[in-house]
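Undergrad: Note that this note's numbering gives residue 29 to position 26 of the sequence shown, counting from 1, and the numbers run on in steps of one.
Hint data in this document are derived by calculation from the structure and do not stem from the laboratory.
Just so it is clear, CB atoms sit at the ideal spot from N, CA and C, and this is done for glycine as well.
Please note that the accuracy of each hint is not assured.
[To be verified] For each label pair, taking beta carbons as the anchor points, the in silico distance ranges come out as:
hint : residue 1 : residue 2 : range
1    : L22       : N50       : 26 to 36 Å
2    : L72       : V25       : 19 to 29 Å
3    : E58       : A81       : 16 to 26 Å
[Stated by the list, open to error] Calculated cross-link-like contacts (lysine to any residue; reagent style SDA-like; alpha-carbon spacing at most 25 Å):
hint : residue 1 : residue 2
4    : K96       : L52
5    : K16       : L72
6    : K32       : I111
7    : K32       : A81
8    : K96       : K46
9    : K46       : N59
10   : K36       : L72
11   : K32       : F101
12   : K32       : I106
13   : K36       : W15
14   : K32       : A110
15   : K32       : L18
16   : K36       : L17
17   : K36       : L48
18   : K32       : H43
19   : K16       : F74
20   : K16       : N59
21   : K16       : F101
22   : K32       : L83
23   : K32       : L20
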Amino acid sequence: MIRDLMKFKIDWKLLSLSLGIVVLDQTTKILTKHVMILGHSRKILGNFLRYTYIENTGMAFGIHVGSQLFFAIFSVLASLVIFFYLIRARDEKPIVRFSLALILGGAI
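Please take these sequences and the hints and turn them into a complete structure.
TA: In structure tokens form, the structure reads like this:
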């Protein structure tokens, strides 16, 4: 398996983008917890766009799937699948690879 991975060139720019998304995501979560009160909003573009502090204890869109262990395992497996597909997707259009890098960053 390691030999199979070694024959694929890793696109470090896309993986750096994914890492940047992880850092940005975690930074905004930490800042939000320390600066805002749960349930409160801040206007960004008047009433058109607001930043609201809520906590999602489930997966995407608040879907609850059972235990935290299942959620953790599912997240790791999904991230690995996206990561390996991103490595193998050298022939895909750049927008597809860019999108996968964003999704990977959000999934971690």
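Undergrad: Could you work out which earlier hints the structure fails to respect and list their numbers in ascending sequence?
TA: Of the numbered hints, 4, 5, 8, 13, 16, 19 and 20 do not hold.
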